[in-house]
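Visitor: Sequence:
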Amino acid sequence: MSRREVLTTFGPLMAAGLASIVFFGTYAYLFVFGTLLGFNVSSLDGNGPTWPFPVVVVSGIALAVTAPIGVVWALVYSFAIRRSGRARGILRS
Numbered sequence: 089m090s091r092r093e094v095l096t097t098f099g100p101l102m103a104a105g106l107a108s109i110v111f112f113g114t115y116a117y118l119f120v121f122g123t124l125l126g127f128n129v130s131s132l133d134g135n136g137p138t139w140p141f142p143v144v145v146v147s148g149i150a151l152a153v154t155a156p157i158g159v160v161w162a163l164v165y166s167f168a169i170r171r172s173g174r175a176r177g178i179l180r181s
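The working numbering puts the first residue of the sequence shown at 89, with every later residue one more than the last.
Hint data in this document are derived by calculation from the structure and do not stem from the laboratory. Every residue, glycine too, gets a C-beta built ideally from N, C-alpha and C. Keep in mind that a hint or two might mislead.
[Claimed, not checked] Here are the simulated distance ranges between beta carbons:
{"hint": "1", "residue 1": "M102", "residue 2": "A168", "range": "17 to 25 Å"}
{"hint": "2", "residue 1": "V120", "residue 2": "G148", "range": "15 to 23 Å"}
{"hint": "3", "residue 1": "V145", "residue 2": "V120", "range": "14 to 22 Å"}
{"hint": "4", "residue 1": "V159", "residue 2": "N135", "range": "40 to 48 Å"}
The task is simple: from the sequences and hints, build the whole structure.
Guide: If you want it as structure tokens, here you go:
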């Protein structure tokens with residue numbers, strides 16, 4: 089597959105992966121620094137930062153939207169490449 093075909097096929101899955109890294113990374117930050125170390129990690133703790141909750145909401149929505157779309161798109165697009173006879177490399181039947 090060419091680089092363009094890989095990006096077209098797996099782009100939404102890459103976006104879902106990035107959203108999941110941000111989502112779970114923020115939760116890890118909240119748990120480690122807030123629960124285990126006792127720092128003020130959010131505005132609910134008093135003088136903590138205000139960024140964790142908008143980041144979790146936006147990345148959670150992005151993950152919920154891009155993950156199913158990415159899986160379906162990758163399957164449909166990969167199947168279309170195989171059916172059209174343009175398959176190269178690992179997609180060759």
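Visitor: Just pull the numbers of the violated hints for me, sorted ascending.
Guide: Violated hints: none; all satisfied.
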